[in-house]
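Each chain is listed here by its residues.
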Amino acid sequence: MIALFFRYILKEIEHCPHLAGIVPAVYLIYTILTHEVTVMNRTTAATIPAAPETKKPKKTKPSFLSRWNAPLAGYLFISPWLIGFLTLTAYPLFLSLYYSFTDYTLMKPMEWIGTRNYERIFTSDPKFVDSVKVTFTYVLASVPLKLIAALLVAMVLNKAIKGIGVYRTAIYFPSLIGGSIGVSLLWRNIFGVDGIFNKIIGVFGFEGKGWITSPDTALGTLILLTVWQFGSTMVIFLAGLKQIPNDLYEASAVDGANKVTQFFKITMPMLSPILYFNLIMGVIGAFQMFTSAFVITNGGPMNATYVYALYLYERAFSRYELGYASALAWIMLVMIVLATILIFYTSKYWVFYETETGKGKRK
Amino acid sequence: MTLRKWKPALRHLFMILFSLIMVYPVLWWVGASLKHSTELGSPGIFPSVPQWSNYVKGWNSIPGHTFTDFYLNTFGLEIAVIATTLISCTLVAFGFARLDFPLKGFWFSILMLTLMMPGQVLIIPQYTLFHQLGWVNTYLPFIIPHMLAGGAGGTFFVFLLIQFIRGLPKELDESAKIDGCSWFGIYWRVIIPLTLPAIITVMIFCFLWNWDDFLGHLLYINSVEKYTVGLALRMINDSQSAQEWGQLLAMSLVSVLPATFIFMFLQKYFVEGIATTGIKG
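Sequences listed follow chains A and B, in order.
Each residue of the first sequence is one higher than the one before, starting from 3 at the first, in the working numbering.
Each residue of the second sequence is one higher than the one before, starting from 29 at the first, in the working numbering.
Chain A extracted, bound-state conformation (with noise of 0.2 Å):
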């Protein structure tokens, strides 16, 4: 039956003439699969011996399989994302389970110690409990200032129509190099103690300090600096704003609505798929937050700009107990995940989908 699909497949492919490059690619897993199929007929052949009874099933199956328009193409076309969620995504993913409990180095052959990875992290590991507390920090600061930032200019935005593009752009540049080492640099520069940032609020009286070193501010420049790229997030916001009709605006100011009802009762509703999109992806991305603190910062000073991913970092490759990492790793994923579960949960009071009949129903 699977040869017969390959049959059919290089009948296709000999249609197209530039194809035949992966004739032999084909005819490979071709020799592959129908090897396999032959062995395996043997064997049943061998535990069932009534031929006639074999026979049966192969009708069937030709039907079942023409349920879909392409069984075997199918998988060929995606074979590239399948072998690599395989081997780079699901197999490490549980080899890094396996490695959390185990004292792994690159150095000497690991060891099953069970638990006691975690129960070092829990119980006696002051780094992890910083790293965890500097990252909450830095995600329930960086994200819904991000957020609220990129919605109040798209809302400005939104109703200021000419030179739009040129504020957009201004806007959204910093998001466009912002993540990059040249960028980390320029900060570490602008908040040192001799940079411009001091110069600046020197004009207006303040007295200026190391901003990256004193313990107190040195994340707040990192937060800044990643509130600073919300242009990217606003440039959604806006193509969400553009598409909200404009009758339901005209339509309440008829019915007496304010512009804060407006924005309540209307902006914030159809705004709000992407809005919960973006929260999403944007804790999911903060807890991972990596470049700016090793660049600017390199976790200090007193460790206040010890994010999660430095201190994992430097567990696995500084001092390459990959064992121990590997339980910070899965720590962070299980922190993700609930964070994720956590906002999911919550999406169904706030989160707001249009149906079909363009009538709004709350999900």
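Simulated from the structure, these hints should not be mistaken for laboratory data.
One should not assume that every hint holds.
[Claimed, not checked] Ranges of calculated distance between the beta carbons of each label pair, as one might list FRET restraints:
hint, chain 1, residue 1, chain 2, residue 2, range
1, A, V131, B, K296, 45 to 51 Å
2, B, Q295, A, M109, 46 to 52 Å
3, A, S126, B, V51, 43 to 49 Å
4, B, P91, A, F346, 52 to 58 Å
5, A, V131, B, S76, 46 to 52 Å
6, B, L55, A, Y355, 39 to 45 Å
7, A, S126, B, F289, 27 to 33 Å
8, B, D266, A, M109, 35 to 41 Å
9, B, H93, A, Y355, 33 to 39 Å
We put the beta carbon where it would ideally sit given N, CA and C, even for glycine.
Starting from the known structure of chain A, fit chain B onto it as the hints suggest.
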């Protein structure tokens, strides 16, 4: 009455001020890259005497190498990664968008789940895997995942392309099928030419995300002759005791130029890509 008249003007004033605050660090950066180190503390944008030597010295500041090497490395890596991404992601997206096969729904939901998969959970096992294969200090840890529709943003690109291909009229494939075209023929002759706008978006973001994939470069590339631009910048940053900030800022500025040029010339695809899929830049 007067308030209503002034409202648009006020809004513009607010936007102009706000835009200026947003781009001021970048403008200052351009000026600072030409300043003498004694002048770097001044908030003014223009240097009193432009120090072009910042660029020349910065370009040659790593002994035995120039930034030309690092740019060639990075661009070579980018070309390999973009080419493999385009081949693998369009194939996979076509499969999911147009073909029916057993367990398709299941695999698609897995694909959507991996969209949200935090990559850092996987860096340790992937590192040991690539280490055992002897791929550390080569570019294979970047190229092979992209060949398998993974790597920096791979799943996102598949998702973007699926969305785009689903929007194309299905009658086109059906008529091609009647004319005797194979699935691959439909993919190559019908779908790919129509998917070009989305393909350009994928190329842009693939370039940008790999350019900024600092953690990946840090993990897998050890020897200076294979360094990417980001690693080279970090090296200058770490090595100079009395920091030559002018040179460092000049080289940092050059490192964001590729992204800037791409943005300037291909802005249309940016906005489309971001707005239609929610990908962040």
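Okay, the hints, checked on the actual structure:
1. A:V131 with B:K296: 45 to 51 Å: holds (48 Å)
2. B:Q295 with A:M109: 46 to 52 Å: holds (51 Å)
3. A:S126 with B:V51: 43 to 49 Å: holds (48 Å)
4. B:P91 with A:F346: 52 to 58 Å: holds (53 Å)
5. A:V131 with B:S76: 46 to 52 Å: Distance hint for V131 of chain A, S76 of chain B holds at roughly 50 Å.
6. B:L55 with A:Y355: 39 to 45 Å: Distance hint for L55 of chain B, Y355 of chain A holds at roughly 43 Å.
7. A:S126 with B:F289: 27 to 33 Å: violated (51 Å)
8. B:D266 with A:M109: 35 to 41 Å: Since the Cβ atoms of D266 of chain B and M109 of chain A sit about 25 Å apart, the hinted range of 35 to 41 Å is violated.
9. B:H93 with A:Y355: 33 to 39 Å: Since H93 of chain B and Y355 of chain A have Cβ atoms about 55 Å apart, the given range 33 to 39 Å is violated.
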